[in-house]
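Asks: What follows is each chain in one-letter form.
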Amino acid sequence: MPQLSFITAATLVKDIRLEWRSKDAINAMLFFALLVVVIFSFSFDPTAEESRRIAGGLVWVSFLFAAVVALNQTWARELRNQVLDAYRVSPAPANSLFLAKAIGNFIFVAVLEALMTPLFIAFYKLRALGPAWQLAPLAALATWALVINGTFFSAISLRTRSREIMLPLLLFPISVPALIAMVNGTTAILTGDEPAKVWIVLLATYDVVFTVASLFLFEMVLHAE
Amino acid sequence: MKQAFPILAILTGALLSYGLYEALVAAPTDQMQGDVYRIIYYHVPSAWTAFVFFAINFVASIVYLIRRNLKSDAVAVAAAEVGVVFCTVVLVTGPLWARPVWGIWWTWDMRLTSTLVLWLIYVSYLLLRRFTSGAQTPVLAAALAVFGALDIPLVYFSIWFFRTQHPQPVVGGGGSIDPRMLHVWLLNWAAFLCFGLLVFWSRYRLEVLQQEVNETEALEALLEPRESR
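Same order as they appear, the protein sequences are chains W and X.
If you read the first sequence in this note's numbering, its first letter stands for residue 1, the second for the next number, and so on.
If you read the second sequence in this note's numbering, its first letter stands for residue 1, the second for the next number, and so on.
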């Protein structure tokens, strides 16, 4: 266990430092999400009441698309100088590497969400009619749901031809239940019509199931030759 | 084994024709819907057959991850392909029936939506197989198959909550079914399953042959002298 947490922390710090210096992923994600917001508002032009109904979908779809940018970079970054091969032959537990990547992606996407949410509120004149504090656990669980599978599938799509296209093709079908839960949960809180608890529980279940599955299967995927 | 194939093919053909006759002629006409309903003798057996093959794919993927034998990978790929074909039949025959009976081609009802998501997951599985090469394909595909299978209950529950909160006009359910209809249903399911297994078997043999060809080619490439390349 100490070895696991040490390697996880070291890899995580390395990834954050790399991202802090280059800002490749976060810049691309932010601009992409901004474009989605602008294009959506041109295509719908909703009133305040309508936007409360559709905002949950808009917010999460734009975060999902933007997250793919960061997720694609997760492992591709390690291909340069054969870093990934070095990981493979090193005795470090594969799961510590996976956890570091997943937590790193979680931080990147969370930063994106924190920066984009005020913009959404301003552009769509949003004001929650339900219990707004529930948005925090919902967003945390939803973000983990996106990045846990995203990190796993980007390790798979790394091995395919045209890998950048392959990630969304694998990730989106599997993410359907999570997407339904995060969108409906957000809409429930914004409109205040119905409780969001069932969606939060569903997201938590999704997170637990796929975190366990990823930790079980990641080593095989890393060493697949 | 090879000699058995034509015999089984003839038997399956006979069973399919008998099932067709029973479905189109012998089965009683539905009180409410008239003859249109007869498409369910294709729709529902296809769905059940597709689910059987997706289950086979899941078991074969697990076996592959544990044992690492290429035979179970061949079972997995053959089952996924046949399953996707039957699932496509379900998704095409459904709207054909829904249009005259419900008045709409498609509704985001629970069963329709979860079948569609199931189809999407397995199409992405087949795409992954197509876009990878070499010995890593079976491992990556098996991992995706496990993820897909874990996802199915979650898909089902999420859509169930989704749809119970926003009620939709869903026809079907309720009312009793004529035992004669149930008989034809099961007969057609048996026929479809036999047909599916037949296709699955030949696809499996093809995959095993392909694996042998790949191995031989890899060996030859190793043995070949460098200058002749």
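For the record, the hints were derived by calculation from the structure and aren't laboratory data.
None of the values given here were measured: they were computed from a predicted structure.
Just so you know, not all the hints are guaranteed correct.
[Said to hold, decoys possible] Over 10 angstroms on every C-beta distance to chain X, these chain W residues come out as not near it, computed from the model:
#1 Val61
#2 Ile121
#3 Pro131
#4 Gln134
#5 Ser162
#6 Ile180
#7 Leu217
[Stated by the list, open to error] Reference listing, derived: stretches of chain W covered by chain X, where coverage requires no fewer than 3 residues with Cβ under 8 angstroms from a Cβ of chain X:
#8 63 to 72
#9 154 to 161
All C-beta atoms, glycine included, are put in the ideal place defined by N, C-alpha and C.
Asks: Over 10 angstroms from every CB of chain X: does Val61 (chain W) meet that, or does the non-interface label fail?
Replies: Holds: least Cβ distance 16 angstroms, greater than 10 angstroms.
Asks: If you count the residues of the region 154 to 161 of chain W with a beta-carbon closer than 8 angstroms to a beta-carbon of chain X, do you get 3 or more?
Replies: Satisfied; 4 residues make the cut.
Asks: For Pro131 (chain W), is the shortest beta carbon distance to chain X beyond 10 angstroms?
Replies: Non-interface label stands for Pro131 (chain W): nearest chain X Cβ at 17 angstroms, farther than 10 angstroms.
Asks: Within the region 63 to 72 of chain W, is the number of residues with a Cβ closer than 8 angstroms to a Cβ of chain X three or more?
Replies: violated (count 0)
Asks: Beyond 10 angstroms from chain X, beta-carbon-wise, is Leu217 (chain W)?
Replies: 5 angstroms, violated
Asks: Non-interface claim for Ser162 (chain W): all C-beta distances to chain X beyond 10 angstroms?
Replies: 7 angstroms, violated
Asks: Is the Cβ of Ile121 (chain W) farther than 10 angstroms from every Cβ of chain X?
Replies: 25 angstroms, holds
Asks: Measuring Cβ to Cβ, find out whether Ile180 (chain W) lies farther than 10 angstroms from everything in chain X.
Replies: Ile180 (chain W) is in fact no farther than 10 angstroms from some Cβ atom of chain X, at 4 angstroms.
Asks: Is Gln134 (chain W) truly not at the interface, in the sense that its beta carbon sits beyond 10 angstroms from all beta carbons of chain X?
Replies: 16 angstroms, holds
Comparing the model with each earlier hint shows violations of hints 5, 6, 7, 8; every other hint is respected.
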